[in-house]
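K.L.:
The residues making up each chain are set out below.
6 protein chains.
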Amino acid sequence: MDVNILKKVIKRFLQEDIGSGDLTSEATIIQDQSGTAEFIAKGSFMVCGIETVAPLVFTTQNPIIEITHACKDKTQASPGDELLVAKGPVLDLLKAERVALNLVQRLCGIATFTALFVEKVKPLPVRILDTRKTTPGLRMLEKYAVRVGGGYNHRFNLADGVLIKDNHIQACGTIKKAVTRMREKVPHTMKIEVEASSLDQVRECIACSVDIIMLDNMEPGMMREAVKFADGKALLEASGGINLDNVKEVAETGVDFISIGALTHSAPACDISMRLKSA
Amino acid sequence: MDVNILKKVIKRFLQEDIGSGDLTSEATIIQDQSGTAEFIAKGSFMVCGIETVAPLVFTTQNPIIEITHACKDKTQASPGDELLVAKGPVLDLLKAERVALNLVQRLCGIATFTALFVEKVKPLPVRILDTRKTTPGLRMLEKYAVRVGGGYNHRFNLADGVLIKDNHIQACGTIKKAVTRMREKVPHTMKIEVEASSLDQVRECIACSVDIIMLDNMEPGMMREAVKFADGKALLEASGGINLDNVKEVAETGVDFISIGALTHSAPACDISMRLKSA
Amino acid sequence: MDVNILKKVIKRFLQEDIGSGDLTSEATIIQDQSGTAEFIAKGSFMVCGIETVAPLVFTTQNPIIEITHACKDKTQASPGDELLVAKGPVLDLLKAERVALNLVQRLCGIATFTALFVEKVKPLPVRILDTRKTTPGLRMLEKYAVRVGGGYNHRFNLADGVLIKDNHIQACGTIKKAVTRMREKVPHTMKIEVEASSLDQVRECIACSVDIIMLDNMEPGMMREAVKFADGKALLEASGGINLDNVKEVAETGVDFISIGALTHSAPACDISMRLKSA
Amino acid sequence: MDVNILKKVIKRFLQEDIGSGDLTSEATIIQDQSGTAEFIAKGSFMVCGIETVAPLVFTTQNPIIEITHACKDKTQASPGDELLVAKGPVLDLLKAERVALNLVQRLCGIATFTALFVEKVKPLPVRILDTRKTTPGLRMLEKYAVRVGGGYNHRFNLADGVLIKDNHIQACGTIKKAVTRMREKVPHTMKIEVEASSLDQVRECIACSVDIIMLDNMEPGMMREAVKFADGKALLEASGGINLDNVKEVAETGVDFISIGALTHSAPACDISMRLKSA
Amino acid sequence: MDVNILKKVIKRFLQEDIGSGDLTSEATIIQDQSGTAEFIAKGSFMVCGIETVAPLVFTTQNPIIEITHACKDKTQASPGDELLVAKGPVLDLLKAERVALNLVQRLCGIATFTALFVEKVKPLPVRILDTRKTTPGLRMLEKYAVRVGGGYNHRFNLADGVLIKDNHIQACGTIKKAVTRMREKVPHTMKIEVEASSLDQVRECIACSVDIIMLDNMEPGMMREAVKFADGKALLEASGGINLDNVKEVAETGVDFISIGALTHSAPACDISMRLKSA
Amino acid sequence: MDVNILKKVIKRFLQEDIGSGDLTSEATIIQDQSGTAEFIAKGSFMVCGIETVAPLVFTTQNPIIEITHACKDKTQASPGDELLVAKGPVLDLLKAERVALNLVQRLCGIATFTALFVEKVKPLPVRILDTRKTTPGLRMLEKYAVRVGGGYNHRFNLADGVLIKDNHIQACGTIKKAVTRMREKVPHTMKIEVEASSLDQVRECIACSVDIIMLDNMEPGMMREAVKFADGKALLEASGGINLDNVKEVAETGVDFISIGALTHSAPACDISMRLKSA
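Residue numbers (the working numbering), protein chains in the order written: chain V, 755 to 1033; chain U, 755 to 1033; chain A, 755 to 1033; chain L, 755 to 1033; chain E, 755 to 1033; chain X, 755 to 1033.
No wet-lab data here; the hints were simulated from the structure. Please read these numbers as outputs of a predicted model, since none were measured by experiment. Where hints are given, some of them may not hold.
Identical copies look the same in the list; a pair holds intra-copy or inter-copy alike.
To be verified - Straight-line distance between alpha carbons at most 16 Å, and here's what the computed EDC-like set of lysine to aspartate or glutamate pairs gives:
hint, residue 1, residue 2
1, Lys931, Glu780
2, Lys987, Asp965
3, Lys945, Asp965
4, Lys796, Glu836
Given these sequences and hints, build the entire structure.
P.N.:
Spelled out as structure tokens, the structure:
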């Protein structure tokens, strides 16, 4: 996660929330008043963004703001925990409050939700992956939260990973033709992943020496057969309809990866509030 | 919702997902191939963004794409319903797919979730409101989804509404002083809203002829007393900890508005998929 | 007025004036030479932007520049007064000079012009308001200058205030229909203002419990009747063709607000010059 | 004036005025309603921006809007004249109205004001010039208006013209040293202009074969001597304190150019209104 | 190569070259004059950008311009060949000319230079690769030119490929530790490439099951040993100091890839000129 | 060269190269590790950008980075020379490396190549000029490099210089008409340059009192005649097909300027590498 790219995005978020100015605070708060803002956990969750993102929101709003305490990402928070302390002009603490909270509540939510999946599949040698089903504009941050939660990232965007899906296969005629065309063009640094929804397709993939096979919406039974058939010749990624109830069963089929869109599109937000004390 | 502002945002979302290009599709799909993409509902939900947002994602990616069918926002979708049909270059249909889906799944989710709250409080004369607890970067869209769901918008940002909270009151000493300062500065087009967490504060607000009082985290009993006390002299907004289970009880207290952060930060995404047919 | 938003705008203004570089200064001034620039008033006027905007122009050009003196906005300047002192690299003082002067001369002009109107209506309980007739790109700054001059701001843009004009009324059929549609949609934090050009329309507005009525281009006599009729049931705003000669008469009709486009589109610029001394 | 650059600027202006949407119009105007907007002159003035800028504001807001009539820039308008007719969605006509009017009222004002100066000095072979004292963000447009009014442009910014002022002379020690350094660096396509405030400095400039001498705040008598002394060896530009009352006297001294900051910073805005008819 | 991203970049290039307008053409060319511009080859080279980039420069400047002929990229041009024909407003053809030519001359140069390397190594099963040594701001275009010339792309940026260099190895202590840390974090879609400058390091890489080994500045002899040792267990990429004279010898060592920074940083530009005919 | 404009461009270059983050370094380098990076010359060349551009790349990536040594631009480098030393977080040194090197290798190349031409024409009183044949996006930097190499800049863009070419002449009918139209419009600060490809055209230019004549693709013999004919009445600029072999002969014809597109489009890049030491 690059700080410069993050700053640019945060500036836009602040502008969205502040508009042409904070009418209420500018009218009621004295210009030079400084104070202390504290983030307090209102529930139990895995911390994410408190160490890295929230401080940047505050210092982007005003570089004078000092972060005197910030919980490390990946630590566990309990209700009442003081997660972050920021000192500086009250006006700027209030202007940055909502953006900072809206971001970290979501990031803590994703990290916490991811950690639940990771916990379920322990100690199996399988990785929990995210997808491109992220909130538009927040992909970099949400994929960071998945890593904090113990998950791994699938490709970041269409340009840094190859995934041949049914539409591509259909357009080329066969998996073989699609893979051949792909091999002709893809940078040598990238593996080729192909989506398969039947064992026949798994076989075809193996025949083409595909690097990774995405098992699309398969039943655990079929996945087990795919694992047996692949026998280490390709990495296997389970995908589609996986939740906290069935993730363990999927993991036990022997697949190498499990990708779950819900990590980013359906993680419940965590509750954090900001408390202000005058200096 | 202004189309020009929306387009600018969508361009950024497309760039986030496409990066320097779609490696897979550019290698496997023939440049000039055109086809038809269909959005299919995978569950029951209220449609939002299909009429207004998804078409703009496709035409922003390539103005040649034609939308030949799009469900009106606010209609009810059932599993298997064809929500949208887009015709054009397959390459661009695939490039726009993920952004379009990520947006509408979220927007349908918010509209559907809002409609549940709206339904619960019928036929009471109370409005369900959103808050500023929206996803950074998506506020305009998410507030649109709340309206589609039958809810109403609270202020859009810090510049277009006045809300005097405990921090402002504390900084000024008393509610009276805060309101007086506010009156000195606020445009005459805006009402003044003040947060109150006790009946004493409600009384103080009424004494200052405040336009709206936000009843912050009050028990229904206390709200009822506030309603009685206010007696039409100020509008009352209930806020804090309201969910589908208790929203009716809150509504029955007689408050005018109920604001619910969860509408935008915790609405579960709806499931929609895109199916491609060659032309 | 948010500093971050202001900075972004100032960067564009500097780029407009500097282009690919200052040919003359870069050729004739030694790179590391530092000096002192002084802003001197060449007339009598109300100071605006000297405390808040000019320093930001200089420090945006080069954060090393130090502002060692700056007159408070709202103070009265006389010819020869030293308004501001900036120390730093001569090259950057010269590059920022024109943008800083162009801005503050205009802002001082607006504040001074506004103050003339405010003075004229004293001690009547009426507020002088600006309009949206501001210079494109400078609205935030110009509305700030109006406040410095003792005036008040009307809505900032089309999104943070409701003003139903003749075109809207015509489109809906009657004022009543327009107000009803508006009430169905507008956030509860906003008052509803309607433009009326006859006493009949004023009556219709009152009947609809409109919050504010804009009396459009009415004669003082008609305004007085409107005031009598409204009798406190709605706020009244006089608008159209008001100048320094007739503003007092308008104020004496008893309206609550007088909005004047000329505050921002026709305030004469004040004269300020920059003097440079080598350090 | 390049259309692409202009469009980019207009987009920002529209966004400033529209914000997150036009609350009033979106609530009261039916989505698909189309109509006709007319710009009507409310006074006598020289037209500027009606042919070139206003149409671009409307089509930038919505490319569907059709301009069926637009007065040529540089024609003379009388009260009641129909300056422009635009047809399209009423919603977009209303959203673009204020930005279009704010721009053209200012541009007409500058063209009209410039034409007054040009008229005064006829038929003398002298050119009326603008300066860099333009409104930040509007330089390209305001310099266009000066040309429409019959004036000429001085340099656009610090990068496309050389003007050695007292500060540069002081930094170098003498005019000669400043000019020598300048000659060492300046592109061969540019003339060298030097500011002189005494006849001694004029002589020094001539001795250095300067291309243009700016006579800074000189009395007409001294200008006449400068003209005699220069005798065609350099172009002479009068500058400082020139207004409609004294411009003719200045022109008669025989200078080649007269530059006037007031053209852009103090031209009174012209009055134009928009009238809407439903289609 | 995504058209939308390309357009955005081209807009900036046009603005750099046009500035506030084309003084010469706007003064000498009649506004509505239309004409035909032809690109003529002044030498022999491989065409690149004529089909894809130049048309976009013209239509970005003015969408009215029609491209009636454009050579396909990858075809061979001879002196005098008509490469492209564009019809439209002469003013816009002239404004777009320099940017279009500056781009395609460079792209043709890179494609032509790349093709020379590709030719040299035929028919060996080795791929010619580019590097990140591209012109800042032009990477997407330059990497496209390499592909047109028959070469292949290495990673696009630091985010879409893994390359462990000496600095990373040194920071971790050993190749093994670096690779282990990397495996812990890298998306499963990416191969791991490690730089080796000795046979010992090659061995260490193989021991760690690295996917690709970059043989950094090795003599052909050493490369041959590396190939022998690797024996298909890893892909091998030769890098450093490779030119048209030695590329064949390097290819004959049996490496899989040869990466050459000179493809993009030292390809001589091709000569193309634009000829204008009035319509 | 304005630092603010440069910074904005550098941010884009860094984003192009870093994408969503540096996968390799973020995985293998410890977050807080700091170190020292050195730029080492791998050949003999004139330094350009080391003093001015490279430091800005590093501090734009992270303002904490300290530049403890940087060779002055215009000094001569020999193989092994330490050109620059930067201290700070290793992660940021690595992230900024490629952009910094890609820029300075190109800038050193241009300065060095320009200096070769300048050397060839010594001690003749002729200036070597660049053209607009620069790399799109890098014009400001490349024109700086030409100046460092001892050359001079032709106009920066179409807005800050007048050059009437054959297309303009053809559109107007005669040189005289083109010049007359131009004089009617051009700011008085600019000289008028006309392209001539025959002695007849040179005569026509002189007859029109053109300031500069560009001798387009003339043989040295014809240039000599042009010089004789012009006899100081106009400045002469030789252009077209000039290289290191014939530049001296061209210079000896007596022209005032020689413009060479190859300075910027064909200067070979210089070789510089970065070496990292842990602190």
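K.L.:
Now tell me, hint by hint, if it's right for this structure.
P.N.:
A quick look at each hint next to the structure:
When the C-alpha separation of Lys931 and Glu780 is checked against a cutoff of 16 Å, the pair qualifies only between copies, where the shortest distance is 14 Å, while the shortest distance within a copy is 64 Å. For the identical chains of this complex, Lys987 and Asp965 are neighbours both inside a copy (8 Å) and across copies (15 Å), given an alpha-carbon limit of 16 Å. Taking the shortest Cα distances, Lys945 and Asp965 sit within 16 Å of each other both inside one copy (6 Å) and across copies (10 Å). With identical chains, the CA atoms of Lys796 and Glu836 are at most 16 Å apart within one copy only, with a shortest distance of 10 Å there and 42 Å across copies.
Of the hints listed earlier, there is not a single one the structure fails to meet.
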